[in-house]
Amino acid sequence: MKFRITNLPEIKMIGEKTIMSVLENKTRELWQGFMPKRAMIEKREGSEFYSVIIYDDLSYFAAFNPANTFEKWAAVQVSSTDVVPEDMSVLIIPSGLYVVFNYIGKASEAQSAYQYIFGEWLPKSKYQLDDRPHFAKMGDKYKNDSPDSEEELWVPIKE
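The sequence shown begins at 0 in numbering that gives the first Met the number 0 and counts up by one.
By construction, these hints were calculated from the structure, which means they are not laboratory data.
Don't take every hint at face value.
What the hints assert, rightly or not - What follows is a set of in silico ranges between Cβ atoms, one per label pair, in the way DEER data are often shown:
| id | residue 1 | residue 2 | range |
| --- | --- | --- | --- |
| 1 | Gln110 | Gly32 | 20 to 26 Å |
| 2 | Ile4 | Glu149 | 17 to 23 Å |
| 3 | Val82 | Ser107 | 32 to 38 Å |
| 4 | Asp86 | Lys125 | 38 to 44 Å |
Stated by the list, open to error - Calculated lysine-lysine pairs in the DSS-like style (CA-CA distance at most 30 Å, straight line):
| id | residue 1 | residue 2 |
| --- | --- | --- |
| 5 | Lys36 | Lys125 |
| 6 | Lys16 | Lys105 |
| 7 | Lys36 | Lys1 |
| 8 | Lys157 | Lys125 |
| 9 | Lys142 | Lys125 |
| 10 | Lys36 | Lys11 |
| 11 | Lys42 | Lys142 |
| 12 | Lys105 | Lys11 |
| 13 | Lys25 | Lys136 |
| 14 | Lys42 | Lys11 |
All figures in this text were calculated on a predicted structure; none of them were measured in a lab.
Each residue gets a CB set at the ideal place from its N, CA and C atoms; glycine is no exception.
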């Protein structure tokens, strides 16, 4: 899997969020609720969608338990957060270092990519996981559960 290391500047997003776990996956419901309302978001930057995960802290990864909860967002990047549609919230992704993997394949099979990132790439690299939001960036080549779908997996790191 191809990757790059990049320093992400702070980015502003508007979207919807929910609390969920691996066992109680609410991703489908989150996106089904968000997509019909996305046109209400003003000052959108780009055409990409962001699936953002915020963990309480890094202990989530130290002792993985599929019942542990996290916050998940369906969002878009914006240039301004002055106008926020009803039932949506603002999310600021702080600047920082990220490793970005280009994932090609079905969204439902992305777990194998994450297993590689956290189980092989990260332990063998000079980096460690940082406590900032993780996200997938889905652009024009994203086709959900198609085997030729493409998305970027952004994982926060530090030296």
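Hints, one by one, checked against the model:
no.: 1; hint: Gln110 with Gly32: 20 to 26 Å; in the structure: holds (23 Å)
no.: 2; hint: Ile4 with Glu149: 17 to 23 Å; in the structure: holds (19 Å)
no.: 3; hint: Val82 with Ser107: 32 to 38 Å; in the structure: holds (35 Å)
no.: 4; hint: Asp86 with Lys125: 38 to 44 Å; in the structure: holds (43 Å)
no.: 5; hint: Lys36 with Lys125; in the structure: violated (42 Å)
no.: 6; hint: Lys16 with Lys105; in the structure: holds (23 Å)
no.: 7; hint: Lys36 with Lys1; in the structure: violated (34 Å)
no.: 8; hint: Lys157 with Lys125; in the structure: holds (9 Å)
no.: 9; hint: Lys142 with Lys125; in the structure: violated (33 Å)
no.: 10; hint: Lys36 with Lys11; in the structure: holds (18 Å)
no.: 11; hint: Lys42 with Lys142; in the structure: holds (25 Å)
no.: 12; hint: Lys105 with Lys11; in the structure: holds (28 Å)
no.: 13; hint: Lys25 with Lys136; in the structure: holds (18 Å)
no.: 14; hint: Lys42 with Lys11; in the structure: holds (11 Å)
Violated hints for the displayed structure, listed by number in ascending order: 5, 7 and 9.
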